[in-house]
Amino acid sequence: MDFTFNCKRKRCPYKNYNFAPFPTGEICQGVFNGLSVEVTDAQQGRSLYDNGCYGKGSKSRGGPASGEQDETLLLGLEESCFLAFYLGKLEIKSLSGDTMDWETFLNAAKELNERFLDNLACYLYLKAKNWVIKSGIKFGGDFLIYKESPRLYHASFLVIVQTSDDGDYYQPKNLKGVQRVAETSDKDVLILRVSQPKEITTPEDIQEITVTETIVRRFNYSSFVQSKQH
Amino acid sequence: MDPAEVVEIQPKTSYLSPEELIELRHKDFEVPAGGLKRTQNEGSAAELQELHGALDALRAQLSVPRIERLAGRALATWNKDQQVAEVLRKDGKFENFGHSKQGKLFLEYYEALFLLEVGRLQLEYCGTIVSIEQAYVLLLGESESERFTHYLVYSALSRAGYIVVRHQAVQEAPVPITSADCVWAVLKEKLGNKPVPSKIKESPLFTAAEKRMEDLKQLIIGQKNQSPLEPGPEKASGFHFDTRKRRAQSESKGQSATKRGRVVFAGTSLVDQLQMESPYGKFQEIFQKFDIVRLDTKNYSMDNSPPDSSLQIIFDLHLHNEGFKKRSPKGPTFNVIILPPQAAFPTHDEIFTIQSQQHVNNAQLLVISVSESKQIQAFLYFIS
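Keeping their order, the protein sequence lines are chains L and W.
Heads up: the first sequence begins at 1 in our numbering, then just goes up one per residue.
Heads up: the second sequence begins at 231 in our numbering, then just goes up one per residue.
Just chain L, with the same shape it has in the complex (with noise of 0.2 Å):
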């Protein structure tokens, strides 16, 4: 059995939607606000959100399409930290007007999420492979991967991050858990290892950092064997 991917057109009105997988233009500016990266320019707000479909509005439930004055995009962390230092489409600022530096916000992250590194690491492992990732939290997980855009399709993958010394996932009624969730929306659960990493002062030193791939699907044997039977 090969493995095929779920990929679920929505049925939506955006039938020609001309996307770009990253913002063009000028840099962004956005302060960091203690939880997420905040841009309250509406011109870059929506040119980061229509080209890679990042961060979301701050009265909406995707994108800023509220259509309020005082809308702004909220980032999230391993995807700002992507624009600002990977990118170079964003400049981050703290709440007292300096610029945040590589070091400082990786610090600041890490307060919120002292496993931010790993999450970074699988965003940009993702990220290289075009997927346009958002937060899973919905669905119990770390992110949430979709083809193209969350306005086109569904997504395919529930992410799950781990370190190699956390095995929480997979103990049975965990994995099942997730699994359960997963497969009623038509998703698959890609459990990706990340290993231990080694001390990490540039952005580039994430490159230390490898995962693996592991999807763990759950199988009908009884229609497996009838299907097979004819």
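One thing to keep in mind: the hints can contain errors.
[What the hints assert, rightly or not] Beta-carbon label-pair distances, calculated as ranges:
{"no.": "1", "chain 1": "L", "residue 1": "Asn220", "chain 2": "W", "residue 2": "Asn592", "range": "18 to 28 Å"}
{"no.": "2", "chain 1": "W", "residue 1": "Lys519", "chain 2": "L", "residue 2": "Glu91", "range": "14 to 24 Å"}
{"no.": "3", "chain 1": "W", "residue 1": "Leu278", "chain 2": "L", "residue 2": "Lys173", "range": "35 to 45 Å"}
{"no.": "4", "chain 1": "L", "residue 1": "Asp205", "chain 2": "W", "residue 2": "Ser499", "range": "15 to 25 Å"}
{"no.": "5", "chain 1": "L", "residue 1": "Lys173", "chain 2": "W", "residue 2": "Lys257", "range": "38 to 48 Å"}
{"no.": "6", "chain 1": "W", "residue 1": "Arg268", "chain 2": "L", "residue 2": "Asp70", "range": "52 to 62 Å"}
[As the list claims (entries may be wrong)] Straight-line distance between alpha carbons at most 16 Å, and here's what the computed EDC-like set of lysine to aspartate or glutamate pairs gives:
{"no.": "7", "chain 1": "L", "residue 1": "Lys129", "chain 2": "W", "residue 2": "Asp502"}
{"no.": "8", "chain 1": "W", "residue 1": "Lys310", "chain 2": "W", "residue 2": "Glu338"}
{"no.": "9", "chain 1": "L", "residue 1": "Lys176", "chain 2": "W", "residue 2": "Glu602"}
{"no.": "10", "chain 1": "W", "residue 1": "Lys512", "chain 2": "L", "residue 2": "Glu148"}
{"no.": "11", "chain 1": "L", "residue 1": "Lys129", "chain 2": "W", "residue 2": "Glu507"}
{"no.": "12", "chain 1": "W", "residue 1": "Lys519", "chain 2": "L", "residue 2": "Asp205"}
{"no.": "13", "chain 1": "L", "residue 1": "Lys173", "chain 2": "W", "residue 2": "Glu602"}
{"no.": "14", "chain 1": "L", "residue 1": "Lys129", "chain 2": "W", "residue 2": "Asp521"}
{"no.": "15", "chain 1": "L", "residue 1": "Lys228", "chain 2": "W", "residue 2": "Glu552"}
[What the hints assert, rightly or not] To spell it out: a stretch of chain L is covered by chain W in this simulated footprint if at least three of its residues, at any positions, have a beta carbon under 8 Å from a beta carbon of chain W; those stretches are:
{"no.": "16", "region": "201-207"}
{"no.": "17", "region": "210-217"}
Read the hints as simulated data drawn from the structure, not as lab findings.
Every residue gets a Cβ at the ideal spot worked out from N, C-alpha and C, and that includes glycine.
Following the hints, put chain W in place on chain L, whose structure we already have.
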């Protein structure tokens, strides 16, 4: 004799008429539907009546004589020392059960118990017939063991329609090593830095192949050095269009497909499908700029670490319509690993180790987990 002393003997067992026998052979009982389920004790008359009705139905169901054809069952006797049931008399099809040893047919404990449950076997132990209830203790053992989970999986898969047999490690058929194998091994060593497998190295053909490759290499290097000095014959006679039919380039690709067995290398991603599609190509340069986190491609198959004892392939599954033969089984469709309740799921590396041990057989690995509530669920693994 005094007729008063004659005692009429009443037989203790009564016999059923043929009609009754046939009727009772497949007696279906329908439990009377009782409307909505009660969730609380009311103590009302209606409730009491329902309760009596249910009990009566249960009693009626249990007190029906069990009719079975005595000759319709195979006979086996349990050998406690060897933990096998020796078949004394076969009945019906036995193609998918048991294993022969010295002309006798033996059943494993799970096979015997399964046949017993479906009413195809009469098991005897020390000369007496074993009831099904006794058989559970006798065959699965009194203390808790993996036997119970294994039996659960065996019976569920058998009932689902698979042929379940104990896993047989596929003996690597001693494939004769051809010189082509040697050439491939040399190429892999030179180009891919992969060590030559010892069995190929031992082949007498290997040194010859290595020598020939070396000669060819020298020839090619020598040519390269020569070419700028003396122009080739073609150049001297001017451009000449080659009209001969040339071999299509794609043909050479076929060779890799003929490679025996399956070489397991870690390192193909399962999620890189989008790289084939259009937006990726357009932005390839940018993508490559941050394509720095890599798939772990270390080649585990080279270190022959001892297998993890907790993870073992227990059963092989075959499909019914693929001509299964006990003597010479073809490769199974699935290899089954059984996870007892509470056991953690195997990780990428564990699955990889097992897959690389499977060598020749192309069976898919099926991980079957038995939950605390004795439900079984199968899982397929796909790994990078």
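Outcome of the hint check:
1. L:Asn220 x W:Asn592: 18 to 28 Å: Taking Cβ atoms as reference, L:Asn220 and W:Asn592 lie about 21 Å apart, which means the hint holds.
2. W:Lys519 x L:Glu91: 14 to 24 Å: Once the Cβ atoms are compared, 18 Å apart, the range 14 to 24 Å for L:Glu91 and W:Lys519 holds.
3. W:Leu278 x L:Lys173: 35 to 45 Å: Holds, at about 41 Å.
4. L:Asp205 x W:Ser499: 15 to 25 Å: Roughly 22 Å apart at Cβ, these two residues keep to the hinted range, so it holds.
5. L:Lys173 x W:Lys257: 38 to 48 Å: Check passed, 41 Å falls within 38 to 48 Å.
6. W:Arg268 x L:Asp70: 52 to 62 Å: Taking Cβ atoms as reference, W:Arg268 and L:Asp70 lie about 57 Å apart, which means the hint holds.
7. L:Lys129 x W:Asp502: 6 Å, holds
8. W:Lys310 x W:Glu338: 11 Å, holds
9. L:Lys176 x W:Glu602: 13 Å, holds
10. W:Lys512 x L:Glu148: Between W:Lys512 and L:Glu148 the Cα gap is close to 14 Å, so the pair holds against 16 Å.
11. L:Lys129 x W:Glu507: Measuring from Cα to Cα gives roughly 10 Å; hence the hint holds.
12. W:Lys519 x L:Asp205: 14 Å, holds
13. L:Lys173 x W:Glu602: 10 Å, holds
14. L:Lys129 x W:Asp521: 8 Å, holds
15. L:Lys228 x W:Glu552: With a Cα-Cα distance of about 10 Å, the restraint between L:Lys228 and W:Glu552 holds, given a limit of 16 Å.
16. 201-207: holds (count 3)
17. 210-217: Held - the region 210-217 of chain L has 8 residues with a Cβ nearer than 8 Å to chain W, which meets the minimum of three.
When held up to the earlier numbered hints, the structure conflicts with none and fits them all.
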